[in-house]
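A.B. asks: What follows is each chain in one-letter form.
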Amino acid sequence: MFVVLSPAHPDPMYKQVTDQIKDAIASGDLKPNDRLPSVRELSEALNVSAITIKRAYQDLETGGFVLTRAGLGSYVAPVERDALRERKLAELQEELRRLVRSSAKFGITAGDIVRLTRQVEGD
Amino acid sequence: MDTVLEATDLTKHYEDFSLRGVSLAIRAGSISGIFGPNAAGKSTLLRVLAGQAPAHQGSVQVFGSAYADAEQDLKNRIGYVPQEPVFYPDKTVQWLARFAAPYFARWDGAGFYKLLDEFKVNPLKKVKHLSGGQKTLLSIAMALSHGAELLILDEPTAGLDVVHRRALLDRLRAFVAGGDRTVLAASHITDGLDEIAEEIWFLDDGRVVAHEDKDDLLARWKWVHFKDGALPKAIEEGLVRVKRLPFGSSGLTGDFLNLRGALAGPLASGDVRLDNATLEDVLLSFIKGA
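Sequence lines, in order, name chains B and R.
Counting in the working numbering, the first sequence runs from 1 upward without gaps.
Counting in the working numbering, the second sequence runs from 1 upward without gaps.
If we strip away everything but chain B, and leave its shape as in the complex, we get (with noise of 0.2 Å):
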């Protein structure tokens, strides 16, 4: 899993921890059943507070991508792959809504978005 925290980033430490592990699942870097790293072995190895790592383990256990069990530790919990499509299908649409409005001051339809998408996907 590719877990780099930045001081600068502009999200929270513990929210940039969540996010980086989230993303560790949907790539298949990390698979269901696997071990996470204890509290106080993540927050030794990114040099943060457990505190930071603990907030960001519960935010990951709250949303369902992890199961903590008493005195073994945190596990991905077996997440099927739609049900992480169906969230980042979500954050998305959040975003498109702020690009397509922001866009549309410049007399950007949503067409031209959708031609733009394609040519991406092409690359």
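Derived by calculation from the structure, the hints in this document are not laboratory data.
Any given hint could be a false lead.
[Stated by the list, open to error] Heads up, simulated SDA-like pairs for lysine to any residue below, C-alpha to C-alpha not over 20 Å straight-line:
(1) R:K227 with B:N47
(2) B:K88 with B:E121
(3) R:K120 with R:L169
(4) B:K88 with R:L169
(5) R:K243 with B:N47
(6) B:K54 with B:A70
[As the list claims (entries may be wrong)] Listed next, the stretches of chain R that the computed footprint assigns to chain B, with coverage defined by at least 3 CB atoms under 8 Å from CB atoms of chain B:
(7) 157 to 163
(8) 272 to 286
Keep in mind that this is a model prediction, so the values were computed, not measured.
Ideal Cβ positions, reconstructed from N, Cα and C, are used throughout, including at glycine.
Place chain R on chain B using the hints.
C.D. replies: Coordinates of chain R only, in the frame set by chain B:
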């Protein structure tokens, strides 16, 4: 664009420290920041630039004149605030103002008291009863009250609490707003001066090691986070301040604008991520042995 201050090849030797060949040019209307570690020579440099100490070699011209040729005129047009302002400890602020006024051609008493009010410094207090931060603010109020067109400040935000620091930074921005007044300040980077400075000078061990427009600097310096093996070797080797972590590595590049193309692929695949660098990050990479 007018140059208000020009220094050429300044050299000054002390027993255990030297300023070496420092040249700089400061434009009218700008806020320039000189940053660097302790003992880099910032205070010494500012003293020479403000005409408070001579250089052994090299020259300084302010508003087109050397100090030797126009001392009185320059003293009126420049407001110099040293790191630890020295005032008669048993005198009140009010007394100091009356004492200082005749030395300046354009003393603005009303303006001075307004600033004291803004900075919350009680004019009836004796200097020895002021906190370090208040003494700095008093010094700055004085520098701002005699019609100076160029402020030379040594660590102006040191010792100021968050409210006073904000008031000072806002005041400095207002000072240059018309385009005909200039601020040159030396600071440790994290003191907030980096926020308002437009031109950045880095001083280390008596030498200027970098000079750049702040926005240009921040545009080309980035943190590159990468999975091991995800970067082309040439790029990885060019990174500085590299940290190897269990889940990936991070390094700083000053060449982002040229590397953009080569990084596009790894960025798209998620094996490389980018983040903005702070001025402090960049400064640390310039300091020997940081």
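A.B. asks: Holds or violated: are the alpha carbons of K243 (chain R) and N47 (chain B) at most 20 Å from each other?
C.D. replies: holds (11 Å)
A.B. asks: Under the criterion that the straight-line Cα-Cα distance not exceed 20 Å, is the pair K227 (chain R), N47 (chain B) satisfied?
C.D. replies: holds (18 Å)
A.B. asks: Has the given pair, K88 (chain B) with E121 (chain B), been kept, meaning a C-alpha gap of at most 20 Å?
C.D. replies: holds (18 Å)
A.B. asks: Has the given pair, K88 (chain B) with L169 (chain R), been kept, meaning a C-alpha gap of at most 20 Å?
C.D. replies: violated (43 Å)
A.B. asks: If you draw a straight line from the CA of K54 (chain B) to the CA of A70 (chain B), is it 20 Å or shorter?
C.D. replies: Cα-Cα ~14 Å, so holds.
A.B. asks: Mind taking a look at whether chain B covers the region 157 to 163 of chain R? Criterion is 3 or more residues with CB to CB distance under 8 Å.
C.D. replies: violated (count 0)
A.B. asks: Does the structure keep K120 (chain R) and L169 (chain R) at a Cα separation of 20 Å or less?
C.D. replies: At roughly 15 Å apart (the allowed maximum being 20 Å), L169 (chain R) and K120 (chain R) satisfy the hint.
A.B. asks: Confirm or reject the coverage of the region 272 to 286 of chain R by chain B under the rule of 3 or more residues with a beta carbon closer than 8 Å to the chain's beta carbons.
C.D. replies: holds (count 6)
When each numbered hint is compared with the structure, violations occur for hints 4 and 7.
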